[in-house]
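One line per chain: the protein sequences are H and Z, in this order. My numbering puts the first sequence at residues 1 to 302. My numbering puts the second sequence at residues 1 to 250.
This list has only true hints and no planted wrong ones.
Cβ-Cβ distance ranges computed for the label pairs, FRET-style: (1) H:V30 - Z:S120: 33 to 41 Å; (2) Z:E142 - H:G120: 54 to 62 Å; (3) H:A152 - Z:E105: 29 to 37 Å; (4) Z:R114 - H:E253: 39 to 47 Å; (5) H:G83 - Z:S120: 32 to 40 Å; (6) H:L288 - Z:F112: 24 to 32 Å; (7) Z:A55 - H:V215: 53 to 61 Å; (8) Z:H204 - H:G83: 28 to 36 Å.
Since the hints were made in silico from the structure, they are not lab data. Every residue, glycine too, gets a C-beta built ideally from N, C-alpha and C.
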Amino acid sequence: MDFYLGLIQIIGVHTLLGLSAYCVLLTGQVSLAQAGFFAIGAYVAGMLTVLAGWPIVPALIVAALVAGAMACAVGFPALRVKGLMLVVATTAFGEAVRLFFFNFNYQLERGGFKFGPHGGEGFRQIRYFPEHGWSTFDVMLFIWVAVVLVMAALWWMDRSRAGAVLRAVGEDELAAQSSGINVTAVKVTAMTVGGVIAGVGGGLFAHYTTHIEHVQFGVVLATFAVAYPILGGLSNVFGTLLAVIFIQGFLIEGLRFMGDWRNLLFGGLIVLAMNVRPRGLIDAHTTLALKRIFRRKESAGA
Amino acid sequence: MLELKGLTKHFGGVRAVDNVDLTVAQGEILGLLGPNGSGKSTIVNLICGLFPLTAGQVMLRGTDISELPPHTRVGMGIARTFQNIRLFGQLTVWQNLWVAQNSSEQTGSENFLRRWLGGSRHARAEVDRALEFFDLAHKRDELAANLAFGEQRRLEFARALAAKPALVLLDEPAAGMNAEEIDQLDARIRKLRGEGMTVLLIEHHVELVMSVTDRIAVLNFGQKIAEGTPAEVQANPLVREAYLGTATAA
Numbered sequence: 001m002d003f004y005l006g007l008i009q010i011i012g013v014h015t016l017l018g019l020s021a022y023c024v025l026l027t028g029q030v031s032l033a034q035a036g037f038f039a040i041g042a043y044v045a046g047m048l049t050v051l052a053g054w055p056i057v058p059a060l061i062v063a064a065l066v067a068g069a070m071a072c073a074v075g076f077p078a079l080r081v082k083g084l085m086l087v088v089a090t091t092a093f094g095e096a097v098r099l100f101f102f103n104f105n106y107q108l109e110r111g112g113f114k115f116g117p118h119g120g121e122g123f124r125q126i127r128y129f130p131e132h133g134w135s136t137f138d139v140m141l142f143i144w145v146a147v148v149l150v151m152a153a154l155w156w157m158d159r160s161r162a163g164a165v166l167r168a169v170g171e172d173e174l175a176a177q178s179s180g181i182n183v184t185a186v187k188v189t190a191m192t193v194g195g196v197i198a199g200v201g202g203g204l205f206a207h208y209t210t211h212i213e214h215v216q217f218g219v220v221l222a223t224f225a226v227a228y229p230i231l232g233g234l235s236n237v238f239g240t241l242l243a244v245i246f247i248q249g250f251l252i253e254g255l256r257f258m259g260d261w262r263n264l265l266f267g268g269l270i271v272l273a274m275n276v277r278p279r280g281l282i283d284a285h286t287t288l289a290l291k292r293i294f295r296r297k298e299s300a301g302a
Numbered sequence: 001m002l003e004l005k006g007l008t009k010h011f012g013g014v015r016a017v018d019n020v021d022l023t024v025a026q027g028e029i030l031g032l033l034g035p036n037g038s039g040k041s042t043i044v045n046l047i048c049g050l051f052p053l054t055a056g057q058v059m060l061r062g063t064d065i066s067e068l069p070p071h072t073r074v075g076m077g078i079a080r081t082f083q084n085i086r087l088f089g090q091l092t093v094w095q096n097l098w099v100a101q102n103s104s105e106q107t108g109s110e111n112f113l114r115r116w117l118g119g120s121r122h123a124r125a126e127v128d129r130a131l132e133f134f135d136l137a138h139k140r141d142e143l144a145a146n147l148a149f150g151e152q153r154r155l156e157f158a159r160a161l162a163a164k165p166a167l168v169l170l171d172e173p174a175a176g177m178n179a180e181e182i183d184q185l186d187a188r189i190r191k192l193r194g195e196g197m198t199v200l201l202i203e204h205h206v207e208l209v210m211s212v213t214d215r216i217a218v219l220n221f222g223q224k225i226a227e228g229t230p231a232e233v234q235a236n237p238l239v240r241e242a243y244l245g246t247a248t249a250a
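Please take these sequences and the hints and turn them into a complete structure.
Now the structure itself:
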């Protein structure tokens with residue numbers, strides 16, 4: 001049972017990570033900095049609960065704000081470049097964050113034990129949940145409350161004018177500019193929102209694993225972050241969720257019985273999925289088709 | 001309304017636009033003619049601010065806007081269409097107009113949250129009215145990429161007008177249209193003039209230009225070679241030369 005609860009936790013946290021990249025991708029930018037914001041969220045939230053003794057919710061909020069502020073600061077210079085150059089610039093940032101935490105040493109002594117981030121050995125004993133008697137199920141529920149809140153907010157944003165503007169920038173920057181949209185402001189805002197979401201995800205991640213270290217926040221995680229929304233499709237937030245379930249639930253855990261062949265099949269299946277559905281698992285046509293079906297049902301019912 | 005003073009743009013050694021002076025009066029429809037590569041589209045791009053000037057000034061209602069970014073100029077009342085259509089293909093027809101409501105008047109009249117989250121009923125009604133005017137109301141929920149060519153041209157024109165511009169720059173709006181569609185375009189441009197809109201029209205379709213414009217300026221190799229009423233320009237030997245080449249002594 002705990003295995004499945006753990007898996008659901010992973011899916012929840014990775015959905016947040018994917019959604020943070022989703023925001024940025026809507027504006028047509030591929031950012032590999034999301035793992036960096038995730039790491040910032042993880043370390044900040046962990047330090048606040050372990051070293052400062054904060055409760056989890058304010059710690060998560062502050063972690064999200066710090067990650068968001070960082071994303072905003074990185075957004076201004078980074079978003080001046082586009083496409084491949086942006087990928088390189090954001091990768092560099094992500095690695096810089098990882099190496100910062102590799103060298104980051106800030107420990108406090110309490111009762112003969114030392115707590116806090118300890119450079120390359122990582123940050124152990126982030127034990128807020130066990131110390132406060134949360135069961136695995138409680139933690140799972142807590143993570144998913146956050147996921148549902150973020151998804152609902154993004155779903156709403158998507159259907160508002162703000163969502164249409166983000167997509168307009170992603171479609172054609174020149175046309176967006178010429179229609180009076182401040183493209184830089186839109187892109188930096190999307191980056192900031194993405195940073196906030198990644199910060200929440202990172203904070204939750206730190207607390208359910210209880211032990212974080214720099215290697216967890218490398219390029220692989222950054223690649224996963226952008227892979228989810230790209231595989232899932234950018235037409236709405238459920239695409240990202242579906243992709244996380246597909247990758248984490250099916251490809252990583254579900255195919256474990258295949259042993260070493262799993263990794264090969266993993267890549268193969270992603271390539272296959274992208275070929276069959278080039279615009280993602282859930283694309284604009286799927287959404288329109290679903291809308292039509294529901295409308296027909298409504299009119300039939302009335 | 002719009003005044004270009006010594007407008008110059010060099011791309012490396014190419015003088016795309018060279019010291020062009022041009023004035024567009026309030027409520028006027030000015031045609032901009034010239035052979036391919038004569039700098040017409042570059043002038044439109046310079047007026048919109050898509051790239052920096054090499055020299056000269058762009059003045060709008062007496063203010064120098066040469067240094068302003070493109071979106072600010074839209075807010076001040078300059079909108080455009082593109083020679084090769086650039087719509088937001090994965091947005092619906094309705095959304096294409098919705099995102100383009102960016103005049104300073106529109107930005108100022110609604111509060112921030114209202115504007116970004118929903119848009120007022122007034123703003124939405126404006127979109128619907130524009131769709132009626134351009135005969136696109138029945139396509140409102142269609143993705144822009146799925147429209148037929150003529151409909152895409154109309155939608156782009158509608159999107160340019162969504163920001164309620166005082167001056168609209170049409171870059172070859174009739175390209176690829178059939179005769180009937182060109183007649184409709186002609187009628188729409190006239191109707192807009194009736195409402196006080198100023199238009200800068202770049203077009204190769206001579207009949208349309210002759211019929212709808214008040215004045216015409218002709219470019220060749222980035223320089224203005226003629227300016228006047230359609231009849232005057234038609235009679236100008238320099239213009240004939242630009243289009244047909246010089247008669248070599250046989």
